[in-house]
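J.: Residue numbers (UniProt numbering), protein chains in the order written: chain S, 1 to 414; chain X, 1 to 414.
No lab work stands behind these hints: they were computed from the structure. Cβ coordinates follow ideal geometry from the N, Cα and C atoms, glycine included. Some clues are possibly wrong.
Partial list, derived from the structure: chain S residues whose beta carbon lies under 7 Å from chain X [to be verified]:
id, residue
1, 85
2, 86
3, 89
4, 92
5, 176
6, 178
7, 182
8, 185
9, 209
10, 210
11, 283
12, 284
13, 286
14, 287
15, 312
Chain S is nowhere near these chain X residues, computed Cβ spacing over 12 Å in every case [unchecked claim]:
id, residue
16, 35
17, 44
18, 240
19, 251
20, 291
21, 324
22, 328
23, 335
24, 336
2 protein chains.
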Amino acid sequence: MLSLLDLCARIDSGRLTPEGAVGLVREAIAAREPEIGALVCVDPAPAIPTTGPLAGIAVGIKDIIDTADLPTAMGSPIYAGWRPRADAPVVARLKSLGAVPLAKTTTTPFAFLDPTATRNPHHPGHTPGGSSAGSAAAVAAGMLPLALGTQTGGSIIRPAAFCGVVGVKPSFRLLPTVGVKCYSWALDTLGLFAASVPDAAHALALLADRPAIAAHADAGALRIGIVRQDFCAAPDPEAEAALARAARAAERAGARVRDYALPARFGEAFAAHAAIQDYEVRQSLAWEYATHRDALPPRLRAALDAAQGIETAAYDAARRTAHHARRGLKEVFSEDGLDAILTYAAPGAAPAGLDQTGDSRFNRLWTLMGVPCVTLPVDRTSAGLPVGVQVITRFGDDGRALAAAGLIERALRD
Amino acid sequence: MLSLLDLCARIDSGRLTPEGAVGLVREAIAAREPEIGALVCVDPAPAIPTTGPLAGIAVGIKDIIDTADLPTAMGSPIYAGWRPRADAPVVARLKSLGAVPLAKTTTTPFAFLDPTATRNPHHPGHTPGGSSAGSAAAVAAGMLPLALGTQTGGSIIRPAAFCGVVGVKPSFRLLPTVGVKCYSWALDTLGLFAASVPDAAHALALLADRPAIAAHADAGALRIGIVRQDFCAAPDPEAEAALARAARAAERAGARVRDYALPARFGEAFAAHAAIQDYEVRQSLAWEYATHRDALPPRLRAALDAAQGIETAAYDAARRTAHHARRGLKEVFSEDGLDAILTYAAPGAAPAGLDQTGDSRFNRLWTLMGVPCVTLPVDRTSAGLPVGVQVITRFGDDGRALAAAGLIERALRD
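Bound-form chain S, shown alone (with noise of 0.2 Å):
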């Protein structure tokens, strides 16, 4: 993969010019793109500033998010060769750090389920999982050292273990959703990915004009609770083992590990997720559901179907459940001592086949929460597969959630 840290450290010293920098990117999307597919289009000319902290760092940008220099499809024919106006603000934001948004890459039509045609950069029978694609792919298989997503479900953390990335879902509205297209508003959640915890933090860190958020100081040891969300299916044995290495590697670093049983609250709470998603993008995709419900792919054309008959009283009811549980997650984390929760980030490695993404379904809960994850990879299948663990900390703690999925990272490798 390629490292953004090691070329921004490659253009500071002068080895690398930023032009230098994007031709390798160049070079690699040549290699690795006609196996992959994992992006919808490449700027031809793009401009590449010569000054900046990100100067010569070419970005993918999920074609969900808007751009005004390439089209925004939005994975689907709804939106074919549309060109949004402006940049969305993140878009802007990446421009002004000097870096270039080189790419859009793949998603699954408006961020929902139907699979995008993009492969598994670790086995190409495999999907990439969704609805982040394309993002994690190009990451994955070495063709961007850096890439923008959005998580709803879980559309990070889940191709991003699938893909054996280093995926960041920061804290609700740390990057700012404008310019995004909506799927739920109390949701949606701007992120990155990228090929090590060190490389996601530099980046959000500038993302997020926080420099905090790359240099977390923790004083002692780090209290991590093991959390293993039984309110829904276990995952599969390859997730457990690899939650068991994490955790081991944690204790190994200096951390003090336990297990945690989350308040029953949480399963209630990780129920509201999909009546808020389905009563709020029945809105979002108003315009397309009324005026193009033959173009839409069947699995979001059932989904906005079904969501025709959610009650709004059901949906302010989710909204309260979600609301108090976000307050009973600062307890746990004051009142019960944890600094960080160690979770699954994917019931396994990615699922054979590209007619599906995989399941979301322990991501939900940390996205309605609101709260700050973090997904690396730890081991790999006998196939070759990456597995991947997910950390979390309390709401705006970001530089946290970061410092621990570095310290397991090390960890690792040691």
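With chain S fixed as given, assemble chain X onto it according to the hints.
T.: Same frame as chain S, but now just chain X:
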């Protein structure tokens, strides 16, 4: 003015067809628009549904709200002729209710403070207020029975008060801001203008799919606190007189009215509004600022110039201040025994001149708090300009805010 409920009743009873209702609106537009200038464009041949609770109701759409069938120019030459792909969800919702999004209404550029050319229907030399200038003026001039606006500081309540119509800024995110050009994602709130409180309540209940908003039954006498917002400069005598008059009307209608001094922390929250708004618009309009700075109007350009210097830490501190004040405001209502707050809608009547849009200082705290605000006309100055008051309730209590405003509206008429 055109009453929405009156039109609906005439259509329901068969005395008027939906097409006939739209025809009445077209006649009114032909008569008043040349002198007012409230509309950006009018759909020459819109679909006119024959069924639905708002069949035949023509609606004005503030020109920062996406419409698939009409251009959306954001009040700026940067977006001249711009055609979004999709309707904003609120526009799709209007259509699904049978309403006809007939016209786009003038907005100050990007909904900031640079004025439009729209005139106050009560005096052509006075501003209609802003930023939702055209929506307020079109309803006031009897051109439309309903219009949509947005408020980030005081962009619904202020123009409604200046134009002598009812304006509603609902609870934050009661109506989705998806497809609405973002200024500040923590503040932007979608709302509406109508000729009377029952008209506004009927429309909001339908738009939000919450019938209780228009059918609020209050147990016992309303406890109303008169709040003078003395953390900012005192209003003109006409605003003070309107507040006193509205308070007396509420008492006549059976409410228990008393003066209430907001705790000091709300002054701090009032001050926090600017940092949040300015920090967020720096991101929201980053593309426009980076690529079209010279095409931005002077007040917005100056605001964006200044906003470049805001520290992220100052923004984070302002967000914390606002968060604590929101919790504090819940206590004001529950522990201090208030059902509603009655306060100034604006510092006075619409100022003379079309070179400014008036002052939002009595609106900004409440936008930041996310609570429902309703303004209704109370008085007229000797020059014939309306003066309003503002009713505020706790978050989510939109029905009670409209019920309290309706009670005052009726008592003023008696």
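J.: Now, for every hint given, state plainly whether the structure supports it.
T.: Against the structure, the hints:
{"no.": "1", "hint": "85", "in the structure": "6 Å, holds"}
{"no.": "2", "hint": "86", "in the structure": "4 Å, holds"}
{"no.": "3", "hint": "89", "in the structure": "4 Å, holds"}
{"no.": "4", "hint": "92", "in the structure": "4 Å, holds"}
{"no.": "5", "hint": "176", "in the structure": "5 Å, holds"}
{"no.": "6", "hint": "178", "in the structure": "4 Å, holds"}
{"no.": "7", "hint": "182", "in the structure": "4 Å, holds"}
{"no.": "8", "hint": "185", "in the structure": "6 Å, holds"}
{"no.": "9", "hint": "209", "in the structure": "5 Å, holds"}
{"no.": "10", "hint": "210", "in the structure": "6 Å, holds"}
{"no.": "11", "hint": "283", "in the structure": "4 Å, holds"}
{"no.": "12", "hint": "284", "in the structure": "5 Å, holds"}
{"no.": "13", "hint": "286", "in the structure": "4 Å, holds"}
{"no.": "14", "hint": "287", "in the structure": "4 Å, holds"}
{"no.": "15", "hint": "312", "in the structure": "5 Å, holds"}
{"no.": "16", "hint": "35", "in the structure": "32 Å, holds"}
{"no.": "17", "hint": "44", "in the structure": "20 Å, holds"}
{"no.": "18", "hint": "240", "in the structure": "38 Å, holds"}
{"no.": "19", "hint": "251", "in the structure": "33 Å, holds"}
{"no.": "20", "hint": "291", "in the structure": "8 Å, violated"}
{"no.": "21", "hint": "324", "in the structure": "14 Å, holds"}
{"no.": "22", "hint": "328", "in the structure": "16 Å, holds"}
{"no.": "23", "hint": "335", "in the structure": "19 Å, holds"}
{"no.": "24", "hint": "336", "in the structure": "23 Å, holds"}
The structure is inconsistent with hint 20 alone, although it conforms to all the rest.
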